[in-house]
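In case you want the letters, here they are:
Protein chains: 2
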Amino acid sequence: MSRIEIYDTTLRDGTQGEGFNLSLQDKLAIAQKLDELGVDYIEGGFPLSNPKDAAFFRDVRELKLKHAKVAAFGMTRRRGIKAEDDPGMKALLEAETPVVTIVGKSSEFQVTKVLGVSLEENLKMIGDTVALMRSAGRQVVYDAEHFFDAYKANAEYAIRTLLAAQEAGASVLALCDTNGGSMPEHVARAVADVLKQTSARVGVHTHNDCGMAMANGLAGIAAGATHGQGTINGVGERCGNMDLLPFIANLRLKYGHDCLRADSLKHLTETSRYVYEIANMSPINGQPYVGASAFAHKGGMHVHAVQKDASTYEHVSPETVGNSRKVLVSEMSGQSNIAAKAGKKFDIESDKEVLRKVLGRVQDLENEGYQFEAAEASFELLLRKEIGRYRKYFELDHYRCVILRQNGSDPLSEATVKLHVGGDSQHQVAEGDGPVAALDGALRKALRAHYPQIDQVHLTDYKVRVINSKDETSAKVRVVIECKRNRSPGDGSTEGKKELFGTIGVSTNVIDASWQALVDAYEYHLVHVEEGAGQP
Amino acid sequence: MSRIEIYDTTLRDGTQGEGFNLSLQDKLAIAQKLDELGVDYIEGGFPLSNPKDAAFFRDVRELKLKHAKVAAFGMTRRRGIKAEDDPGMKALLEAETPVVTIVGKSSEFQVTKVLGVSLEENLKMIGDTVALMRSAGRQVVYDAEHFFDAYKANAEYAIRTLLAAQEAGASVLALCDTNGGSMPEHVARAVADVLKQTSARVGVHTHNDCGMAMANGLAGIAAGATHGQGTINGVGERCGNMDLLPFIANLRLKYGHDCLRADSLKHLTETSRYVYEIANMSPINGQPYVGASAFAHKGGMHVHAVQKDASTYEHVSPETVGNSRKVLVSEMSGQSNIAAKAGKKFDIESDKEVLRKVLGRVQDLENEGYQFEAAEASFELLLRKEIGRYRKYFELDHYRCVILRQNGSDPLSEATVKLHVGGDSQHQVAEGDGPVAALDGALRKALRAHYPQIDQVHLTDYKVRVINSKDETSAKVRVVIECKRNRSPGDGSTEGKKELFGTIGVSTNVIDASWQALVDAYEYHLVHVEEGAGQP
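Order-wise, the sequence lines are chains S and A.
Position one of the first sequence corresponds to residue 51 (the working numbering), numbered consecutively onward.
Position one of the second sequence corresponds to residue 51 (the working numbering), numbered consecutively onward.
Since the hints were made in silico from the structure, they are not lab data.
There is no bait here: all hints are sound.
Same chains, same names: a pair is fine if it fits in one copy or spans any two.
Listed next, the in silico DMTMM-like pairs over lysine to aspartate or glutamate satisfying Cα-Cα at most 20 Å (straight line):
#, residue 1, residue 2
1, Lys-358, Glu-158
2, Lys-102, Asp-414
3, Lys-119, Glu-144
4, Lys-163, Asp-359
5, Lys-102, Glu-418
6, Lys-513, Glu-418
All chains should be modelled from the sequences, with the hints used to inform the complete structure.
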């Protein structure tokens with residue numbers, strides 16, 4: 051089977067999505083990551099539309115990408131002027147990319163209604179633009195906007211627009227389902243017909259307005275297209291573009307097509323998370339193949355079966371795409387979830403009484419708004435309390451947080467914490483950029499005298515979510531903290547071995563919810579340092 | 051064309067999804083909403099698995115649903131005992147539902163590996179279970195678990211399991227892609243073959259592990275199935291079940307199938323949001339048809355075209371499915387976005403200089419972490435500042451927030467606010483469930499003496515999001531507040547006409563970000579009261 055080209059437009063079409071906004075540095079970082087994944091083309095932006103995109107094309111050259119070809123995106127020349135006089139053409143040429151992608155109109159309706167030009171003039175605009183780019187030595191990808199709708203309305207004219215691009219030298223004809231309204235049987239028919247009437251490589255560019263972006267992309271490939279356009283995580287205007295990550299997984303694992311490099315598959319999950327992180331977006335947990343829940347098992351019956359044989363409820367193994375299996379603890383859990391989660395460390399698998407008590411406690415706390423799915427360290431502390439393997443390292447006397455803002459000044463945050471540690475009292479104060487940072491600073495100061503190992507744990511992420519938001523500012527908030535700790539600080543051989551873990555707090559008071567999560571994080575670290583001290 | 055039955059399993063399979071947890075009251079509220087939408091079946095739960103589901107079946111009878119039939123879900127009887135002696139069967143019968151859905155094994159692998167019984171015994175387990183339910187007067191839907199994988203491995207045995215259910219009296223044979231790993235051409239082939247060999251109604255139940263739940267559901271219908279199973283918003287284990295809302299829209303709008311009631315389509319969006327709200331889940335903005343971004347236009351070129359004719363970038367009109375169009379303001383915006391957003395109220399469409407300044411200010415603030423997409427009132431205030439239609443109603447002297455927690459007590463939150471209002475000083479103090487509620491209370495007290503109309507605006511939602519989360523507790527937070535105000539408090543004829551609006555604040559300090567959003571909310575309300583005072 052022929053190799054399928056992967057064309058990424060995260061940095062251009064992707065950024066037209068609501069909530070997906072990238073700085074210049076973000077765009078460069080993502081380009082680097084896409085090149086590492088092995089994509090064939092990176093569409094970097096629309097140089098005419100904003101100065102950031104023009105700067106991207108200048109700076110991306112310094113990255114010295116290994117595999118991917120960078121493409122600049124633009125429209126066909128305006129009506130009534132020569133291509134070489136059009137500011138859009140100049141901006142495209144100044145981008146100095148090896149590839150230029152030109153979008154043109156395919157349908158009578160779009161040509162006459164939106165562009166307001168004649169059908170013949172549209173063909174000339176396509177041909178002139180492609181020819182100019184070819185004469186400047188660029189490879190041209192031609193994006194046929196609204197192609198599938200246009201093909202339905204007037205197949206003959208739609209194909210003439212493709213031929214205009216092909217005759218002027220375009221090497222790829224990408225058929226776009228711009229509005230995302232097409233169904234796969236129509237996409238397949240149109241692709242097959244285009245392949246009969248053209249000689250250039252044919253590609254598909256699909257959108258998810260009907261939940262069919264992936265199905266349409268795969269239908270196009272099945273009909274003979276060998277070039278797929280989409281974005282990482284399916285970001286993009288309205289309902290988004292086709293998500294390239296599951297597309298690549300489906301091409302390779304379900305159809306045996308060749309695409310990217312041999313080892314690319316196992317980087318799909320990390321690429322997904324990297325892009326969410328760079329863009330500060332909340333990941334979609336149920337994202338196919340790469341989502342945090344994609345291999346998460348919650349129903350008790352499923353957990354039981356997966357423990358016997360993972361293929362009972364997994365269509366591929368999570369490691370194939372760099373993801374991992376997850377067993378969730380919730381009210382739906384049977385005791386097998388609790389036992390699986392407790393793992394070998396606590397050996398409570400056969401202790402039905404403990405399993406029942408822990409399950410009951412989890413269910414009570416979930417009713418109050420806790421969720422242990424992302425707070426495994428808090429779950430472990432809960433379990434330790436039930437089986438007598440919990441130790442209280444300190445006792446709160448009080449904490450106080452003050453936020454003061456005076457007209458014309460930045461707000462000031464100060465926290466005091468008084469703890470009883472052993473027979474001693476520790477009373478400390480700290481400032482911070484915000485109240486939680488101040489509180490954390492004072493708590494760490496108060497612990498440090500007795501527990502210097504506190505310096506081996508660090509906060510890496512802080513999340514707040516309002517739950518039960520109907521009660522206005524008095525609603526409950528859930529705080530989840532992520533931390534990183536050195537596993538075995540005293541042992542040279544494993545120095546640098548890190549553990550990531552999460553803790554949770556719930557309260558109507560955001561500061562107190564944060565306090566609970568901080569306390570869990572430090573208790574979890576201290577108990578592990580203590581228990582690990584004698585071990586290799 | 052024959053009518054397609056819609057079978058909703060949000061309350062059963064849906065609740066196996068990570069982060070989707072429902073109380074008994076939540077389940078009843080959703081059942082009511084599903085009945086209003088017009089679904090044919092509501093699968094309410096698995097009565098054996100937890101007491102909440104058993105209670106649901108008792109209480110749902112009091113709702114007196116108008117259209118939907120309620121189904122209780124259970125497995126086939128255990129091996130080696132009579133169906134009538136199985137506790138699962140008893141729980142199902144005690145649910146007293148008109149419909150019982152029985153899930154059984156279809157594949158040699160699942161039967162021998164997971165159940166550990168012979169292939170013949172599995173057929174007896176299916177037949178006995180269905181027969182018992184039929185003899186108790188129940189309609190039986192038979193869910194053939196892992197059907198498509200089983201059909202691939204051994205089509206003959208897979209079909210024998212269906213025949214066992216059919217012969218015992220099942221009225222629907224629902225073929226399940228339990229692991230979500232099948233592709234639509236395989237689903238279509240299997241459905242067509244099953245239809246040849248059986249006489250009961252055939253249904254499809256698909257999962258989204260390859261991003262193909264929707265495509266597989268539609269492929270099954272195209273091959274002749276007339277019953278579709280899924281969940282609202284596609285919630286469900288791992289990557290979720292097929293999302294019924296776009297499925298219904300696709301069946302009706304793309305294929306002209308009959309399903310639900312004539313007027314159901316325009317309730318799809320509200321049903322989606324209702325379920326997210328009840329479950330306290332963050333909606334997926336890009337959700338096909340019903341997402342908040344499904345008809346959002348951000349690219350300047352798209353906005354320009356949609357203003358000429360919406361069908362240029364919309365495959366269906368948003369009103370068809372109860373959704374609405376949205377024009378986004380961002381750095382990608384051309385001036386057409388700003389002009390469209392400002393609307394008729396400010397009449398700046400032709401003032402290029404103002405448009406340019408506002409666009410620049412939006413871009414600067416977005417670089418600092420602001421997002422005006424959900425904060426239209428803050429955007430309007432920004433615009434008013436540029437065109438000289440802003441008025442400062444009060445000046446901050448200082449605010450102070452104190453959070454104190456003493457061992458054994460609940461945390462206490464107290465805020466003081468001192469404002470200069472006209473020539474007067476207002477210095478007030480309030481307590482609250484948390485610091486933001488306390489601050490809001492003190493601010494409202496300080497404003498009330500001069501602006502009693504402050505009582506006509508109320509907070510309805512409060513959201514916090516950490517942005518740039520790499521900086522631990524010093525990261526910036528974005529607070530978005532939603533408010534509801536009476537538009538024309540003095541005029542009896544429009545009394546009760548409400549406006550919902552959003553404001554935003556960004557800071558490293560969560561309290562100060564909240565303060566900014568609160569101030570915008572009150573300023574927005576006050577300027578509208580003032581300007582609206584003389585109008586009808």
